[in-house]
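Using the working numbering, the letters of the sequence shown map in sequence onto residues 3 to 144.
Source of the hints: derived by calculation from the structure; they are not laboratory data. Keep in mind the model is a prediction, meaning the values are calculated, not measured. Built from N, CA and C at the ideal position, the CB exists for glycine as well. Incorrect hints may have been included.
Said to hold, decoys possible - When the alpha-carbon atoms are kept at most 25 Å apart in a straight line, the in silico DSS-like pairs for lysine-lysine are as follows:
{"#": "1", "residue 1": "LYS121", "residue 2": "LYS56"}
{"#": "2", "residue 1": "LYS71", "residue 2": "LYS20"}
{"#": "3", "residue 1": "LYS16", "residue 2": "LYS71"}
Claimed, not checked - Quick list of simulated restraints, FRET-style, between CB atoms:
{"#": "4", "residue 1": "PRO111", "residue 2": "LYS16", "range": "16 to 26 Å"}
{"#": "5", "residue 1": "GLU74", "residue 2": "THR5", "range": "33 to 43 Å"}
{"#": "6", "residue 1": "ASN88", "residue 2": "ALA140", "range": "16 to 26 Å"}
{"#": "7", "residue 1": "ASN88", "residue 2": "LEU19", "range": "18 to 28 Å"}
{"#": "8", "residue 1": "GLY13", "residue 2": "MET126", "range": "18 to 28 Å"}
{"#": "9", "residue 1": "GLU50", "residue 2": "LEU19", "range": "26 to 36 Å"}
{"#": "10", "residue 1": "ALA26", "residue 2": "GLU72", "range": "15 to 25 Å"}
{"#": "11", "residue 1": "LYS56", "residue 2": "ALA140", "range": "13 to 23 Å"}
{"#": "12", "residue 1": "ASP76", "residue 2": "ASP54", "range": "30 to 40 Å"}
{"#": "13", "residue 1": "ASP76", "residue 2": "GLU47", "range": "34 to 44 Å"}
{"#": "14", "residue 1": "GLU50", "residue 2": "ASP76", "range": "35 to 45 Å"}
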Amino acid sequence: MSTDFLERYNGVLKGVLKWDNLDALWNTIRQDADDAWYIYPVGHELPENTVDRKELERFMSEIDQLLRKEHEEDYCGIVYTDDFDNPSLVKIYDPGNLGVVCGSSDNPPLPGWVMSRSKPVDLMATFPVPGNRKRWWAGLWH
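Using the sequences and the hints given, assemble the complete structure.
Spelled out as C-alpha cells, the structure:
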C-alpha cells in the first residue's frame, strides 16, 4: 500500500478557486517534462503505470473541457492540489457528483479523478462512480 499516496491524499490541499488558477496548475504540470503522473479514475481499475506526456496532455485538455462545461459556475472550486508550484497530487471532483466537497460532511464524496506522482491505492468505498463518468472515461481512450 502506498503510504505516500495516502498521506498526500489525506493531507492539506489547496483549492483551485478560479479558472485562471486551473490554467496555471495545468501549465505547471506541463512544464515539468520529466515528471511521471498516474491518472486514477476513482471507481475504475487502479493504474499500474504512469501515463506518457501525450496521454497526460490529452487528459488535462479533456478534463478541463468537461469541468468548464459541466460545472457551470464562474469559478472553479472543485479541483485541489497539494502544491501549486510543485504539485504531486491533484484531486478533481466530478461536477455531476459534488455533494459536499469541502469536507464539512461526515461522508464527503470521493473525487472523480486523481492525478498523482505516487502510485494510487483503491479509494472506492461507499460511493459508486456514476455510469456517465464510466462511459466518459472509456470513450476518452477508445
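So, going through the hints one by one against the coordinates:
no. : hint                          : result
1   : LYS121 with LYS56             : holds (19 Å)
2   : LYS71 with LYS20              : holds (15 Å)
3   : LYS16 with LYS71              : holds (22 Å)
4   : PRO111 with LYS16: 16 to 26 Å : holds (19 Å)
5   : GLU74 with THR5: 33 to 43 Å   : holds (37 Å)
6   : ASN88 with ALA140: 16 to 26 Å : violated (32 Å)
7   : ASN88 with LEU19: 18 to 28 Å  : holds (19 Å)
8   : GLY13 with MET126: 18 to 28 Å : holds (20 Å)
9   : GLU50 with LEU19: 26 to 36 Å  : holds (33 Å)
10  : ALA26 with GLU72: 15 to 25 Å  : holds (21 Å)
11  : LYS56 with ALA140: 13 to 23 Å : holds (18 Å)
12  : ASP76 with ASP54: 30 to 40 Å  : holds (34 Å)
13  : ASP76 with GLU47: 34 to 44 Å  : holds (35 Å)
14  : GLU50 with ASP76: 35 to 45 Å  : holds (39 Å)
Hint 6 from the earlier list is the only one contradicted by this structure; the remaining hints agree with it.
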